[in-house]
Every structure is written in C-alpha cells, then in structure tokens.
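Here is what each chain is made of, one letter per residue.
2 protein chains.
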Amino acid sequence: MQLNELETPVLVLDRTRMDRNIARLRERLAPFGVALRPHVKTNKSADVARRLGPPGTPITVSTLKEAEYFLDHGWTDILYAVGIVPSKLPHVERLARRGARLTLILDNAKAAAATHAYALDHGLRLPVLIEIDTDGHRSGVKPEDPVLLDIAARLSGREGEGAWAAGVLTHAGDSYNCRSTEAIVAMAEQERAGAVRAAQRLREAGHAAPVVSVGSTPTAHFARSLDGVTEVRAGVFVFFDLVMNGLGVCRTDDIALSVLCTVIGHQEEKGWLITDAGWMAMSRDRGTARQPVDQGYGLVCDLEGKPLQDLIMVDANQEHGIIRHRADPAATPMLPVGTLLRILPNHACATAAQHGAYAVVAADTGVEAHWPRFGGW
Amino acid sequence: MQLNELETPVLVLDRTRMDRNIARLRERLAPFGVALRPHVKTNKSADVARRLGPPGTPITVSTLKEAEYFLDHGWTDILYAVGIVPSKLPHVERLARRGARLTLILDNAKAAAATHAYALDHGLRLPVLIEIDTDGHRSGVKPEDPVLLDIAARLSGREGEGAWAAGVLTHAGDSYNCRSTEAIVAMAEQERAGAVRAAQRLREAGHAAPVVSVGSTPTAHFARSLDGVTEVRAGVFVFFDLVMNGLGVCRTDDIALSVLCTVIGHQEEKGWLITDAGWMAMSRDRGTARQPVDQGYGLVCDLEGKPLQDLIMVDANQEHGIIRHRADPAATPMLPVGTLLRILPNHACATAAQHGAYAVVAADTGVEAHWPRFGGW
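Protein chains in written order, with UniProt numbering: chain X, 1 to 377; chain E, 1 to 377.
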C-alpha cells in the first residue's frame, strides 16, 4: 500500500529518519558512559520502543497506564516520572506484583511518608527519586533547599526496605525556551550541576542515592559534561519536531512525524488552501509561536515529505486546516482539490497523541506497517 | 462508585447540566419551527447522542468515522459537514450501502463534478449542500459569488439522480470571536441572510434546494430570526465551555464537562499547585486567551464542581498542570497533596477529544455510568 491510498488525515512515521535520530543520540551519549532511559510518552508504542532497544531497556513513562502497557509488552525497568500521590499507590502495587521494577518520583514530605508507609505495609520495595527543580520550570525542590533532606528522611535509608531514596531526578524543561545553542549548553550544565549537587547533599546525609537522572531532548544533545550523572532521559529526540528545529537541535529533514492530509478547497482571494487536517489531527500545540520563526500549526511538505517553500498551516478548526504562504498570501500556489500534503508538527508528543496509529514509511511513500499507539489513563 | 475513587485525571460529565443545556436549545428553537441537527463531533458518544434524541434524529458529523460509528448505533440521517473530496467517495458509498442517508457538502466545481459522476457510476443518490461562506471564517463560496451556480450546474437538478443540489449550508464560526451579545445577534442574522440568499439564487436558477442549514452554538442561541432556515446545527451547546461563557452564551455552572485531577505538589514561593492534569488531559486549546477574561487552561473547581475563587490553570506540561490565583500568586491556597479538583475546559470539543470515556455524574459526586467515546479517523 502507498500513502496515497490512505484515507486522510493520517499520522505518518518516517522510520528511516527515526532510526537515524535514535542512533544520533545513542552515539552522542556513548562517550559519556551514561545510560539512556528514553521517555516513551512521546511515542506510546511498543513498536517504536523496540527501535530504542529490546524490552530489557530502561524506559521512562508519564502515566501508570503507560507503565502497564509497556509491562504488558515485556518492559520491566520503568521510571514513572510524574510525582506520585498516595491514591495511585494501589495501582503501583498491582504493577509491582506483576513484575514491574517501578521507580517513583516525588518532591514533598507528605508523599514520601505515605509512599514509605504504604510500601512497608504491603511489603513492597520501591526505589524513589526525589525530584529536583533546576530551572524553575515545574515541580521539584531546589538543590540547596533544606526540605530535600526532610523528604529523604521520610524514606527508607536502605535499598530493599519500603520506599528508599534511590537518588534524584530533574528535567530542564525550560531548555525549550532557550534562544541559542549557548543557552542550551548553559541549561544542560545547570541541570547537571543542580542534580549532582542535590545527590551530593543526600549522600552527605547518609543516603546511598546512587541514581542521578537528568534530561530533556535539547540538553541531552548539547550537554558538554555529564559528570556525576547516571542516566539521561529524553523523548522527543526519536521523532523531533518544529520546536526542536527552531531550537537548532534538528533540521526539518530530521523530523520523522507528519500528518498526511488532502486539499479539500480554496479561498483564492485570501491565498488559502483548505485541508482535512485541523487541530484534531495536529493538536492545538502552537509551540513555535514563541520562537523566532512561527510555523503556525505546521510546515507544509509534499507527499514525499519535502518542504514546500514557506507554506505553513496558519489556522485550524476541528477538521479543517488553513494553509497559506507565511508572508505573502498571493504567493500561495492554488494546489488542486485532492492534492496530498504532509504537515510537520510543532510538537511531536502532542500531535502523535491525536492519533491511534502510525502509518510507517521508510525509503519512499510505500507503507510498510501500521503501528498502533495507545492513549488515555 | 464516587468521583474520589477514580484514578486521575478523568473526564467528568455532569448529566444534569447537560440535559438542561439540551432542553434549553430545544426550547429556544421550538418557536422558530426549524429542525435541530446536533453536531456530534463534540461528544463522539452514542450515549450522549441518545440524550439528544433517538437514533432517528438527524445528526451532523465531522468525519466519516463518526458517520460510521453513529450508523453502527442506529443513526441514519447524517450530514457530513466537511467538504467532500473524490478520494473519500468509496467510503461514502460503503456507508450508503449500509443504510446511511448521508448528506455531503462541497464548495467547488471539481468536487461537485467528481461526486456527481461517482454517484451516477455507482447508482447512488446523494444529497449535496453547497457550502456558503457567510463570515470569511473558513470554507465556502460567498452568497453572491457567480461560482455558486457553476457548482450547482455540476450536480443533478433533481432528487434521486446522482448527487443533487439539496440546498446550502453555512457555519458562522466567526461568532466565536464576537465581543458582545449584539455582535452575536448581528452575526446570526448575517449567517441566516447569507444562507437564505444563496438558496434563493439556486432556486432562481431552477434548483429545488429545499435545505437551508445554518448554525453554531452562539448564533443558535442568539438568532432573532430564522426565516427561510430549515435546520440549525450546533455541538458545543450540549456541554458548554469557558469560551462560550466568555461570549455570554452560558454561565460557568452550565458547563457540564470538567477534568478531575489531583494535587501532586507545590511551588509555594510561586503560588503554584501542581496537578496530574496537563495538556494531555485538557488539550492545548487556549481559546479564552483572545477573550477579555483569559482563563488559562481552565477554571478550577472543587470536587463538587463549585468554582474556587479566581484559581485557574495557568500553565501545562504533558501530564502536569500548574494552578495559581489568576492575579495574585500569594493568594493561591496551598491545598494539600492529594486534594481533588475539577477543571472547567476552554473548549469542550478539544478537551473531550483527549479522553476515551466520560465518568457521568448527576445530582452529586456519585458516578452513575462510564460512557465510552471514540476518536481518530
């Protein structure tokens, strides 16, 4: 089957680009001697995850449903990288009883005490990483915050007894807001140094804290030192997207995801092509709006995946996309009704989440497989 | 089961509010003597659609998969309200052969000619509405555009022979950008008058054009005249959302959808509550950003659905939400880890699309049902 035989819109995955992206990060990290623990929240697919390594490979997940799905497919070394709350511990227990070696994270004493108590009560051994805030972006305690040791004190000091302080985790999500390579390099060092410092404080207080987990796709690609780090997490690197392109982390022809759509009409006087891929197919993510080059809802390519000069998806309704020349509406080519186009997304995680499967292509527009993905919680 | 027994995040549907919203639009339209053809793209659920009427009720869909799903559940009078392209006609045919009375729309001569030729070749009788652009918002031909008659001329002039010009359809999507009730009233009249004028032109050219289909939730609620209109379409009215609230179409306590989430941490010095409902649970829709009151990613309510004064979801990561007082971070109450909250969404269609089911409540926080929804194409 060929791409032009599919009913649009459909999510297309270029396996050749994906495999190249995966190899690139593996090669980059190899000299540092750190483990890669890919974040599968971007792909939510065992078929994609298998390209990252066999089911023995450590992975990161963003929901317990992801943990469950990947456990069902043979993965066991799973880091759940959203702060645990007591109400989710029974679900954690079910997964642990089924053979998952789940690592949890948290950033407050209440969750620590509840998790340890639950683990002791139910005979579970749960490694816990304390979340560190190295960039002011989201969750976590500051590396120098006194509460770090309070949290650790609520956990077990030793592996094998309840919930134990296995180390620290941080995510420099603010790297997405960097405006230069130098800024990403600096952010990567800030991420590393903050995590290592927090781990050092835990160790000085008597905790083993063997794990120092850091990561984001930009910092993973630009870190100059990973001294003291034991593992790197990243998810978007597998597919890349226009936000990563805008950050200088990838080229547009590294982007492995696109949404295939059909021109369904025109508004010629406005220079608009109307397509059947709206925000339902692309997501509402407008991540490039804050970057120097705003790509609208996506950059338009031909059926083969080659960008069409300066055509972007400027607006979206639920099942309608509006494509126009980015600067000069009169320069939009009035492509005939029925023309197939592929739109590169702003944000791979968000766009992929709108679809139930990937149509996989490799060397050309032949569809070599349909890989299902899951969603929900 | 009670809401507080569910694993978060979860989409909650208040059936009492929904039933009231449905009754309200029915009662409003009754004196006008027009049919209501609800748009089921918002709910994508046979359980919700049954509250709108039995399967004999006419419906509007945004994808052929929706048509197929509702056909499977007994609905047959189905308007597919996205411009048809020739490549989708085999799918249309399959649905027609299974008993669907599908109405199509289009806005260009190429699609008209191809649809009529296909229908003749395959012995199909397909009513077609010509899409009219009454607000410059999206697709369609202007009511006075000469091309309107060119398009009609490519269709059959009579019912029962191929694809025939059954009338016109318009959607005043720009009503979402109105800033006053008066503006919505004016937009409703512009929508009505443009559609009726286009139908009149078709009739003057010898087409029967019995159908004049208009609609959007704001214009359906504020139209003062529907003279010449035969049916009204609307979708969001079933659930409502913060965009509709910002337009003055509903109150916050009419909003029937919310996302139940759990406080998982704090950043106290910033006045942040961190929750487990991020953009994956809410969608990336920021529809209120352009309104006088920006609600961020949503308005925060307690477990019972009562808004907490001026708490909004100010930012979102994939599985993390950030809640803060909208004006004064220091005024954010540091609700304990584990607290359950419900977030009212900006855009019902977009938020619901992120979920696979509704947890249905009525008088209190008891869950009376789980209604599945579908997605994809």
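Think of the hints as simulated: they come from the structure by calculation, not from any bench. Possibly wrong hints are sitting among the right ones.
Footprint (simulated), chain X over chain E, 3 or more residues, beta carbon under 8 Å [said to hold, decoys possible]:
| id | segment |
| --- | --- |
| 1 | 20-29 |
| 2 | 193-201 |
| 3 | 276-283 |
| 4 | 299-313 |
| 5 | 317-329 |
Reference listing, derived: stretches of chain E covered by chain X, where coverage requires no fewer than 3 residues with Cβ under 8 Å from a Cβ of chain X [claimed, not checked]:
| id | segment |
| --- | --- |
| 6 | 5-16 |
| 7 | 55-64 |
| 8 | 242-256 |
| 9 | 333-344 |
Each residue gets a CB set at the ideal place from its N, CA and C atoms; glycine is no exception.
So, going through the hints one by one against the coordinates:
1. Under the rule that three or more residues need a Cβ within less than 8 Å of chain X, the assignment of the segment 20-29 of chain E is violated, with 0 such residues.
2. Coverage of a stretch by a chain is defined here by at least three residues with a beta carbon nearer than 8 Å to that chain's beta carbons; for the segment 193-201 of chain E and chain X the count is 0, and the condition is violated.
3. Note: the segment 276-283 of chain E has 5 residues with beta-carbon separation from chain X under 8 Å; the three-residue rule is met and the coverage holds.
4. For the segment 299-313 of chain E, the assignment as covered by chain X is violated, since 0 residues bring a beta-carbon within under 8 Å of that chain's beta-carbons and 3 are needed.
5. Check on the segment 317-329 of chain E: 5 of its residues sit with their Cβ under 8 Å from a Cβ of chain X, so the three-residue criterion for coverage holds.
6. Given as covered by chain X, the segment 5-16 of chain E passes the check, having 4 residues with a CB less than 8 Å from a CB of that chain where 3 are the minimum.
7. For the segment 55-64 of chain E, the stated coverage by chain X is satisfied: 3 residues place a CB nearer than 8 Å to a CB of that chain, which reaches the threshold of 3.
8. Coverage of a stretch by a chain is defined here by at least three residues with a beta carbon nearer than 8 Å to that chain's beta carbons; for the segment 242-256 of chain E and chain X the count is 0, and the condition is violated.
9. Counting residues of the segment 333-344 of chain E whose C-beta lies closer than 8 Å to any C-beta of chain X gives 3; at least three are required, and the coverage claim holds.
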